[in-house]
Amino acid sequence: MPLLEIRNLSVDFATASGRFRAVDGVDVTVEPGDLMAIVGESGSGKSVSMLALMGLLPWTATVTADKMEFDGQDLRSLSARAKRQIIGRDISMIFQEPMSSLNPCFTVGFQIKESLKLHTSLDRRQRQDRAVELLELVGIPDPAKRLNAFPHQLSGGMSQRAMIAIALACQPKLLIADEPTTALDVTIQAQILELLTGLQQTAGMAMILITHDMGVVAETVRRVSVQYAGQKVEEQPVEDLFDDPHHPYTAALLAALPERATGKHLPTIKGVVPGQFDRPQGCLFSPRCAFADERCRTIVPPRQPQALGQALCHYPLIDGVPQKSQEVTA
Amino acid sequence: MLSFLFRRLLTFLPTFFGVTVVSFAFIRLIPGDPILLLAGERGVSPERYKELSEQMGFDRPLWAQYLEYLGGLFQGDLGTSFVTKKPVVTEFFALFPATLELSICAILLAVALGIPAGVIAAVNRGKFFDQALMTTALIGYSMPIFWWALLLIIVFSSGLGWTPVSGRISLMYFFDTPTGFMLIDSLLSGQKGAFLSAVRHLILPTIVLATIPLAVIARQTRSAMLEVLGEDYVRTARAKGLAPLRVNGLHALRNAMIPVVTVIGLSVGTLLAGAILTETIFSWPGIGKWMVDSIFRRDYQVVQGGLLLIATIVMIVNLSVDVLYGFINPKIRKG
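Same order as they appear, the protein sequences are chains Z and F. Note that numbering that gives the first Met the number 0 numbers the first sequence so that position 82 is 81, with each residue one more than the last. Note that numbering that gives the first Met the number 0 numbers the second sequence so that position 95 is 94, with each residue one more than the last.
Incorrect hints may have been included.
[Stated by the list, open to error] Label pairs and their in silico Cβ distance ranges:
id, chain 1, residue 1, chain 2, residue 2, range
1, Z, 265, F, 135, 56 to 64 Å
2, F, 269, Z, 16, 41 to 49 Å
3, Z, 125, F, 17, 55 to 63 Å
4, F, 1, Z, 132, 36 to 44 Å
5, F, 24, Z, 16, 55 to 63 Å
6, Z, 132, F, 321, 38 to 46 Å
7, F, 1, Z, 265, 56 to 64 Å
8, Z, 243, F, 331, 53 to 61 Å
In short, the hints are calculated from the structure, not lab data. Bear in mind that the values here come from a model prediction, so they are computed numbers and not experimental data. All residues carry an ideal CB built from backbone N, CA and C; glycine is no exception.
Whenever a hint applies, use it, and build me the whole structure from the sequences.
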C-alpha cells in the first residue's frame, strides 16, 4: 500500500479577476521510504500541490481531489483537528526561506520542543534531551547551547538545519522539502542536500523534494515527476528520465542544463509559464514547444502509458524524436 | 542595555527643556491676569495690585521669571500655587492617584478588548465580524469624547439609574485614603459596599476614557496581525499541526505586538490628555480637572508644573516601551 496516494488533485484560487487554477489534476504516489522529486519552473504549481496536502493554503484556495490518502487515512474526510495530529507528526515540511521560516521571537529550542510537546508524550526532561539529540543529528555544533539561540543568531544554513530538526522531531513518515536549498550558498546547498538524503535513508522515511534544479535532481532522488503549469507532464525513474525524456518540456529542461550544453550558447525555453489569462486551448506547453502543430494547439493531449513516462503529450519523444505516427490512431 | 538606557535618558534633556519653555510661554500667552482673577468681582486697588505683582514677581521681565523658574526646578521646586498657596508637587501627588486609577482601568479595558478584537478581525479578514468591528472602531475613534460621555450619562445614569453621575465614591462613605487609589482604599476601609460604590463610579469614566485607545489598539492589532499572518514562520507554526489559537495567539501575535505596544505607549499620553475632558465631565478629582481649573484661574505655577510632570510621565512611558521592544522581539535587543 502506498504511503501517500493523491489522485486528480486540483487547486483553485479565488482572485479579484476570477478563478485561477494553480494545480490541475495532479497525481502523486509515494511508497514508504521513497525518494522522489517534483520538478518544474516557478509557477508550475509544485509547491501549491504540497501545501494543499498539508492544508497550509490560504482560505482563497479551493482544494479538490478524487483521492487523498495518507497511511490508509482519507485526508479529505478528516476533521481539522484530526488532520492537525497527522500534520507535523507523520508528514512534515521544510521551506525555501529558512531565515524567515523560524519565528524570530522564540529560541530554537522552544520551537523544536513545541512540536514534541504537541505530538509526543515525552516529559520536560526528555524533550530537552530529544532536542539536543535532534540538533546533533542535523549537524549543529554545540547543540545544548544552540537551543537557547534565537533565529537571528543563526546563519542561513544553520537555520535550515534547525528547520530540519523541527521537521524530524516526531520521526515523520514523509518529509516534504520545498526547495530547501534555493536560498542558500552553493557550498551550503550540497551540505544540506547530503544531510537530507542521509537522514532520509537512516530514518527510513519517504521524502518529496520540490525543486527547479535538474542538477539537484540528478544526484539526489530516485524518481522524478515533472510539472508544468499545474499539470504533471511526465514521471519516470531518474536515470530513465535523464536518458530518454518523453515529454518535450522535460527534454527542453534537460537541454537547458549547463553541463549538457554543446554549442556556444546555452539553450533556453522561450516564453514563460502561462498565467491566468493566457492559458492555451490545447496542450499548455504548445506555445513554447519546438514540436507543436495545429493539433497540439487545439486538442487537449492524452496521458501516455507508463512506458512513455505517462507523458501528457500528443507526440511523446523517443530518443528525442516525436512519435508523429500515433496521429493515425486519433 | 545600560548604555542604551543612559543614551535614552540623555535625549530626555532637550525634550525636558522644550517642555519648560512651552509650558512657561503657553500659559502666559493666554489673555487674562491672575491677580485680577484672584481678586474676583470686587476688583483690586492699584496699590494692592502693584504690591501683589511684586510679591509674585510679575513686575520683572519674562526672561528673568523664566530663569528663576528654571533655578527652582534644579532644586526640585516646582513652585507654589497662587490660589491654594500649596506647593505644586504636593497638589500633584495628592490628585495623581485618582487620574492614575482611572487611566490604568481605561488602558486595561482598551488592551483587554482591543487586542483580542484586532486578532479575531485579522484572522477573519473581510468577513462580517471584521467589517462590523472595524466600523465600530472607526465610530469610536471619531466620536467626540464629551458628547459620548454625556450620551452615556443620559442613558445609564439619568435613564436607567445604573451608574452614578459623578465623583469617585458615594458620599455615604468616609474613610482615610492612604494610597489615593479608591479601589484599594475602599477595600482597606472595610466598610460594607464601599468597594462596590467605587467600582460603580469608575465604570462610565473608564468606558469614556478607554474608547479612543480601544479603537486605536484594535485597528493597530488588526493591521499588524494581517502583516504577520502572511509570514513564513506562521506557516511553519501551522505546519507543525498547532491549533489556530496557538498559531494566531502566540506565534503571530507576539510578532505583531511591536506596533501594538507602541500605540499603547502613545495612548498613555492621550489618556492623560483625554483625562482632562473626562475628569471634568464626571467631576473626577484628578490632575486633569486640576489642570483645567488652574488654567481658568491662570494659576501659572500650577499649569507650568503640572504640564512638566505630565510630560515627564509620558516620556518615561515611552522609554519603557522602547525597553519592552527588546523583550518582545530579541532581534531588536542588539540595536
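Of all the hints numbered above, which does this structure not satisfy? Sort the numbers upward. none
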